[in-house]
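S.K.: Line order of the protein sequences matches chains S and V. Positions 1 to 373 (UniProt numbering) are the ones given, in order, by the first sequence. Positions 1 to 285 (UniProt numbering) are the ones given, in order, by the second sequence.
What the hints contain is simulated information worked out from the structure, not anything from laboratory work. It is possible that part of the hints are untrue.
[As the list claims (entries may be wrong)] Once the Cα atoms are required to be at most 30 angstroms apart in a straight line, the calculated DSS-like pairs of lysine-lysine come out as:
no.	chain 1	residue 1	chain 2	residue 2
1	S	18	S	2
2	S	18	V	97
3	S	103	V	97
4	S	109	V	277
5	S	179	S	155
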Amino acid sequence: MKQTLLTLRNLTKQFDGKKVLDALDLDIFDGEFLTLLGPSGCGKTTLLRMMAGFEHPDEGSITLGGQDLTYTEPEYRPLNTVFQNYALFPHMSVFDNVAYGLKMEKRPKDEIRQRVEEALAMVQLEDFMRRKPHQLSGGQQQRVAIARAVVKRPKVLLLDEPLSALDYKLRRTMQVELKRLQRELGITFIFVTHDQEEALSMSDRVVVLKDGLIQQLGTPREVYERPANLFTARFVGETNFFPGTVDNTNDDDTITVDVFGLKRTFRKPDFSVSPGQPLHVLLRPEDIRVLAPSDEDGVAGKVVERNYKGSTLDSVIHLDDGTEVLASEFFDEDDPTFDYRLGEPVRVSWVDGWEWLLPAEPEDVPEEDAIDA
Amino acid sequence: MRNLMQQPFRTAVLVLVWGWLLFLVLTPNLLVVGASLMTRDPATFISLPLTLDAYRQLLNPLYLDVFLNSLYMAAMTTLICLLVGYPFAWALSKVGKRHQVLLIFLLVVPFWTNSLVRTYALKLILATNGLLNNGLMALGWIDEPVQLLYTEFAVIIGLVYLLLPFMILPLYSVFEDLREDLLRASHDLGAGRLATFVHVIVPLTLPGVLAGVMLVLLPAMGLFFVPDILGGSRNLLVGNVIKNQFLDARNWPFGAAASIMLTLAMALLMFAHKLSKRRIGEDGV
Numbered sequence: 001m002k003q004t005l006l007t008l009r010n011l012t013k014q015f016d017g018k019k020v021l022d023a024l025d026l027d028i029f030d031g032e033f034l035t036l037l038g039p040s041g042c043g044k045t046t047l048l049r050m051m052a053g054f055e056h057p058d059e060g061s062i063t064l065g066g067q068d069l070t071y072t073e074p075e076y077r078p079l080n081t082v083f084q085n086y087a088l089f090p091h092m093s094v095f096d097n098v099a100y101g102l103k104m105e106k107r108p109k110d111e112i113r114q115r116v117e118e119a120l121a122m123v124q125l126e127d128f129m130r131r132k133p134h135q136l137s138g139g140q141q142q143r144v145a146i147a148r149a150v151v152k153r154p155k156v157l158l159l160d161e162p163l164s165a166l167d168y169k170l171r172r173t174m175q176v177e178l179k180r181l182q183r184e185l186g187i188t189f190i191f192v193t194h195d196q197e198e199a200l201s202m203s204d205r206v207v208v209l210k211d212g213l214i215q216q217l218g219t220p221r222e223v224y225e226r227p228a229n230l231f232t233a234r235f236v237g238e239t240n241f242f243p244g245t246v247d248n249t250n251d252d253d254t255i256t257v258d259v260f261g262l263k264r265t266f267r268k269p270d271f272s273v274s275p276g277q278p279l280h281v282l283l284r285p286e287d288i289r290v291l292a293p294s295d296e297d298g299v300a301g302k303v304v305e306r307n308y309k310g311s312t313l314d315s316v317i318h319l320d321d322g323t324e325v326l327a328s329e330f331f332d333e334d335d336p337t338f339d340y341r342l343g344e345p346v347r348v349s350w351v352d353g354w355e356w357l358l359p360a361e362p363e364d365v366p367e368e369d370a371i372d373a
Numbered sequence: 001m002r003n004l005m006q007q008p009f010r011t012a013v014l015v016l017v018w019g020w021l022l023f024l025v026l027t028p029n030l031l032v033v034g035a036s037l038m039t040r041d042p043a044t045f046i047s048l049p050l051t052l053d054a055y056r057q058l059l060n061p062l063y064l065d066v067f068l069n070s071l072y073m074a075a076m077t078t079l080i081c082l083l084v085g086y087p088f089a090w091a092l093s094k095v096g097k098r099h100q101v102l103l104i105f106l107l108v109v110p111f112w113t114n115s116l117v118r119t120y121a122l123k124l125i126l127a128t129n130g131l132l133n134n135g136l137m138a139l140g141w142i143d144e145p146v147q148l149l150y151t152e153f154a155v156i157i158g159l160v161y162l163l164l165p166f167m168i169l170p171l172y173s174v175f176e177d178l179r180e181d182l183l184r185a186s187h188d189l190g191a192g193r194l195a196t197f198v199h200v201i202v203p204l205t206l207p208g209v210l211a212g213v214m215l216v217l218l219p220a221m222g223l224f225f226v227p228d229i230l231g232g233s234r235n236l237l238v239g240n241v242i243k244n245q246f247l248d249a250r251n252w253p254f255g256a257a258a259s260i261m262l263t264l265a266m267a268l269l270m271f272a273h274k275l276s277k278r279r280i281g282e283d284g285v
C-alpha cells in the first residue's frame with residue numbers, strides 16, 4: 001500500500017576529508033511525514049540540500065518515482081524547500097513572493113492569481129498580499145514561505161528547521177498547522193529538526209542521524225520506546241541507564257538481570273544474551289516509581305532536585321552508589337501532600353516490563369556528544 | 001532647559017554638530033544660492049539687483065552643449081565603472097576573507113597619493129611616447145603611436161581611474177549583504193541563473209548601484225583637473241565651466257547657478273537611492 005516515492009541509495013559526501021554522509025540508503029514513501037532528526041553536524045541538512053539539488057553527492061543516487069535526480073539542477077526538480085530563515089524576497093510583496101515560482105513556470109496571469117490566493121488562504125494570509133515581508137511577524141513570514149513552496153504543488157516539500165526561529169508557543173501552533181497542511185495536501189513532507197519533541201509529535205516516521213549514518217528509522221513510538229542504540233536512547237527524550245548483568249536466561253523467554261543488586265525478571269531482548277554479560281537497562285523518567293524509604297522494594301537514594309512542571313513533578317534522585325536517576329511522576333489526586341523535600345530519603349523502583357534492554361557497547365558514547373538541542 | 005544643563009556632554013555635541021552644519025554647510029550653500037541670484041559686477045564680483053540672468057544664461061546653447069557633453073562623459077565614466085565594478089564587487093564578496101582584505105587594501109592604496117599626481121602619472125602612460133604606446137609598439141600590435149592624450153577617451157580613462165573605487169565599495173557592501181539562501185530559494189522555485197539575476201540579484205543590489213552612480217556620476221562632472229591635464233580644449237566638464245566662471249571669467253552669479261544645477265542633480269539621485277532602499281525594506285518604513 002505504501003509506495004516508495006523517493007529513493008536514496010549509497011549517498012556519500014565528504015567536506016574537507018570529513019564524511020558528512022556515509023553510504024546512506026533511505027526509501028521515502030509517497031505522502032508520509034518524515035523527519036530527519038539529529039544533532040548539528042549529523043548530516044541532516046546536507047541530506048536535505050542534496051534532495052533539493054544545492055549539493056551533489058560524491059557517490060550514490062537520488063531517484064524520484066523512477067527518475068534519476070542526482071545531478072539535476074534545483075530549478076528542474078519537482079521538490080520545493082521551506083528555508084530555515086524563510087528566505088523571502090525582501091523586495092517583493094507577499095503576493096509576488098508566492099507568485100514567483102508560478103511566474104517562472106510561465107503560467108497564465110489568471111491562473112497565477114487564483115493559485116496564489118488559494119495558497120495564501122490556506123495559510124490564513126489572504127489579507128496580507130500587498131505587504132512586504134519585513135512588515136510581517138516571524139510566524140507570518142513562515143506561513144508565506146510555506147505558501148510559496150506549496151503553491152508549485154511539489155511532489156515533496158523539504159522543510160529545513162523551519163520552526164527554529166519561532167518562540168515556543170508559536171512553534172506548537174505551527175506544528176499543528178503543518179501537520180494539518182500535510183494531511184490536506186497529501187504531499188510528502190521531509191522535515192529537518194534537532195528538536196526531538198517536534199520530531200515525535202509531527203512525524204509518521206523518524207530518521208535518527210548521527211555522523212552521516214542512520215541510527216534508527218521508525219515510527220515515533222518505536223524510536224522512543226524501543227531505541228536501537230544508546231545514541232538514539234540518549235538523543236530522543238530523557239533516559240535513565242542502569243547497568244545490569246545477566247544473571248540467568250529462563251525458559252519462558254525471560255531473563256533474570258542483576259540491577260543494583262536486585263534480581264529482576266525482564267523479557268528476553270532480541271539480541272543474544274548469556275549469563276554474566278553486561279547490558280543497559282533503559283527506563284524513561286515516567287517509568288520510574290519513587291517509593292517511601294520504609295518500602296521493601298527498590299534501591300535507596302535521596303532527592304537532590306525537584307522541579308514542579310504543572311502536570312508532573314520531576315525529580316532527580318541520587319542513589320547511594322552515586323547513580324543519578326530522573327523521575328517524572330504525575331500528580332496523585334488522592335494524595336494532596338504528594339511532594340518531596342530536598343535531601344529526603346526515598347527508594348527508587350520501576351514496573352518490570354516497561355524497561356528496554358540494550359547491549360553494552362564497546363565504545364559507549366560520551367554524554368556530551370548526545371546533548372545538542 | 002533643565003535637560004540641557006543636566007547633560008552637558010550631549011548638549012556640547014549637539015551644538016558642535018549643528019554649528020558645523022550651519023556655518024560650514026548651510027551658510028556656504030546659501031551664499032552660493034544668493035550669488036546665483038545677483039548681478040555680475042567686475043569690481044565686487046556680485047551686486048544687486050536680484051536677477052535670474054545667470055539661470056537664463058545656463059540655457060545658452062553653448063553652455064547647454066558643455067553640460068550635455070559633460071553629462072555624456074560622466075555617464076560613460078559611470079557606465080564603465082559599473083560594468084567593471086559590478087562583477088569585481090561580486091567576485092570580491094565571493095573570495096576568501098584573506099584575499100578580500102588584500103583586494104580592498106589594493107583598492108584603497110591609490111587614495112594615499114594625491115589624485116592630481118596620479119592624473120599626471122596617467123598622462124605619462126597615455127602620452128604619444130608614453131608607456132602604453134611604446135609597449136604596444138614593442139609588442140608589434142601597432143606600427144605608430146596612437147593619439148590617446150588630449151582626447152575624450154583620455155578624459156574618460158582618467159575619470160574611471162580616479163572614481164572606480166567609489167563604485168566598487170558600495171557595490172561590495174550590497175553583495176556582502178546578499179543572502180545566499182535567497183539565490184537558493186530562487187533556483188528552488190524554478191528560476192535559472194539569468195532569471196535569478198534579473199529578478200533577485202539586480203533588484204537587491206540596486207541600492208548599491210545607485211549609491212555607486214551617485215558617488216561617480218556627479219564627481220565625474222566636477223573633476224575639472226582631469227580634462228585640464230588629459231583632455232583637449234573641447235572636452236570640458238561642468239566643473240571646468242564653474243572653475244572658469246569663478247577664476248577666469250569672473251562671472252560669479254553664473255558659476256554659482258551652474259554649481260546649483262549639480263547640487264540639484266545630486267539631490268535627485270539621492271532621492272532615487274532612498275526610494276530603492278525603501279523598496280527592499282531597509283529604510284525601516
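S.K.: Would you mind marking each hint as holding or not holding in the structure?
M.R.: Okay, the hints, checked on the actual structure:
no. : hint          : verdict
1   : 18/S x 2/S    : 35 angstroms, violated
2   : 18/S x 97/V   : 22 angstroms, holds
3   : 103/S x 97/V  : 37 angstroms, violated
4   : 109/S x 277/V : 28 angstroms, holds
5   : 179/S x 155/S : 16 angstroms, holds
This entry does not satisfy hints 1 and 3, going by the numbered hints stated previously.
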